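Below are the chains, spelled out letter by letter.
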Amino acid sequence: MFIDTLLIGISSGAIYSLMALALVLVWRSTRIVNFAQSGQAVLSTYIGYEITVKTHNYWISLPLAIVCGALIGSLVDLLFMRFLSKRIKSGPIAEIAPVIATLGLLGLIQSLIGLIWGNAFLQYASPLSAKGFTFGTHTVPFSPQNLFIVIASALVLGIFGVVFRFTNLGLSLRAASFAPEIAQLAGIRVGRVRNIGWSFAGAAGAVAGAVITPTSTLSPNSLDLLFVSGFIAAVIGGLDSLVGAVVGGLVLGIGFSFILQYISSSVTFLVGFIILMIVLLVRPRGIFGKGVGRNA
Amino acid sequence: MKEGLVVKDLAIDYGSVAAVKGVSFTITPGELVAVIGSNGSGKSTLIRAISGLIAPTRGSALWNGETLLGKKPEDLVRLGIVHISEGKSVIPELTVAENLALGGIWRRDKSDVKLATQESLHIFPALTTRLEQRADSLSGGERQMLAIARALISRPQLLLLDEPSLGLAPLIIEQIFVAINNLRKKYGLTVLLVEQNAVSALKIADRGLILHLGELIRSGSPDELMQDPQLRAAYLGF
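These protein sequence lines map, in sequence, to chains A and B.
The first sequence maps to residues 238 to 533 in my numbering.
The second sequence maps to residues 385 to 622 in my numbering.
Keep in mind that the hints were calculated from the coordinates and are not lab data.
Just so it is clear, the structure is predicted and the values come from calculations on it, not from any experiment.
Treat each hint with caution, since some may be false.
Computed beta-carbon distance windows for the label pairs [as the list claims (entries may be wrong)]: (1) 308/A with 399/B: 37 to 47 Å; (2) 333/A with 570/B: 47 to 57 Å; (3) 507/B with 336/A: 39 to 49 Å; (4) 404/A with 506/B: 42 to 52 Å; (5) 396/A with 491/B: 21 to 31 Å; (6) 517/B with 352/A: 47 to 57 Å; (7) 498/B with 521/A: 24 to 34 Å; (8) 499/B with 240/A: 34 to 44 Å; (9) 617/B with 268/A: 19 to 29 Å; (10) 268/A with 613/B: 48 to 58 Å; (11) 312/A with 412/B: 12 to 22 Å; (12) 404/A with 566/B: 33 to 43 Å.
Glycine is no exception: its CB is placed at the ideal position from the N, C-alpha and C atoms.
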């Protein structure tokens, strides 16, 4: 039972990690909390759904949904955020305007989805079973789809880790977010690099949406709760740290899973918010904020 | 085509405040010119406008005939113009090696990047043993060395140095200025050095300009400037 709970926790934690990662990628280079992230992710998931309707093949839809997610992220920056930051450079609203704009964008995306696909619950099916593995007579709640979620998330996190740590693009991304002016003076095209950050975030959110949705249903708001968990995970991790986002996501996922199993499903979110409040009050820079983990 | 850096009637306003009021000067290739001024004289503003970080109100700046104003800093780096900004232009969260790598990140000629990196480490051997450490573990002097080393990896022709002495101990300042002087001779660099520390700057400069409240009030050889009693009292502090 303990192992089952742990595995389920890792599976949902991996998704929270992806969502948290998407938030951190945007936050640390732009200082914008992107509330539109769940909208972007759900839009790319709808695109994935539409592709399965046409092709009946989840494995074709998945990479295309990820590419669309990246594209959506890039477009949000190019068409929306850049324009906004040029228009509103100073004044009391300058810092908060982009954040409010992301809330507006979230509403816009979700209404648009409602117009195109309707608000009914859809099934974005994966060929993998959502029924738990069976060992002898014992069926665990951990399914092949859960396993795929863990593998896909680990793969994405691994790829990001390698890109950030070992490539020039990763170095540019880190430099541009830590010290945009110095990065610029070193010859890095900060605007372009930031845009890549937005598309990475979009891609991470798209993976989260496309792998988790087959375990439940798809609707314009179906990723909202996931976003909240991702947000809590990102704050626990310090908002600035990619490693922190991943650890925060796993801690939260495993924590929720144990509470669900051993206490009650009705208190899981309550506990999430309590953790959020405690972190904000006791260690507002997060467990990984400033110092440890800022390298990755 | 006029060679070197030619700045004409450069003016920069911050809102209604005129920070630099129509400054003109020329730096010939290979020359080291020090712009001396106290806090608020507009010297940082001047250098930031030349490197594209802020937009001037009017005027022009040419490097070997090519206009600089209106270009982004990242484009100027590609023209061989490297600005080392005030207060140790390194990224503390990155390692020493990563900070160095930034200097060559945009360059296509990777074998020359490698060569330039080796040369830089040869010039500043103190960095060699610290490559894997984060830059915030370095002392102020070492950070300044790292910033200069990184700039060298870009193979600059024109160095814009904004107060390299800021926050450093006198002995370290001495070392940094000697290093700057050696480097510009070795690589034939043209240098615009903006400094509050007039004595150190004039020691290595070919020419000095005095910037006061946004206006160039005096120019001359370091000797001339050092002799001028009024300037000595106001800017040289002795």
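Cross-check of the supplied hints:
The supplied range of 37 to 47 Å is met by residue 308/A and residue 399/B, whose beta-carbon atoms lie about 40 Å from each other. Look at residue 333/A against residue 570/B: about 51 Å separates their beta carbons, and that is inside 47 to 57 Å. Checked against the hint of 39 to 49 Å, the C-beta distance between residue 507/B and residue 336/A comes to roughly 46 Å, which is consistent with it. A beta carbon spacing of about 27 Å between residue 404/A and residue 506/B contradicts the range 42 to 52 Å that was offered as a hint.
Separated by about 26 Å at the C-beta atoms, residue 396/A and residue 491/B satisfy the suggested range of 21 to 31 Å. Distance hint check for residue 517/B and residue 352/A: the Cβ-Cβ separation is about 55 Å, which falls inside the suggested range of 47 to 57 Å. Distance hint check for residue 498/B and residue 521/A: the Cβ-Cβ separation is about 43 Å, which falls outside the suggested range of 24 to 34 Å. Here the CB-CB span from residue 499/B to residue 240/A is close to 55 Å, at odds with the stated 34 to 44 Å.
Between residue 617/B and residue 268/A the beta carbons are some 46 Å apart, a value that contradicts the proposed interval 19 to 29 Å. Range check, residue 268/A to residue 613/B: Cβ separation about 51 Å, and the 48 to 58 Å hint holds. For the pair residue 312/A and residue 412/B, the beta carbons lie near 48 Å from each other, so the given range of 12 to 22 Å is not met. Judged by the Cβ atoms, the range 33 to 43 Å given for residue 404/A and residue 566/B holds: they are separated by roughly 34 Å.
The earlier numbered hints that this structure contradicts are 4, 7, 8, 9, 11.
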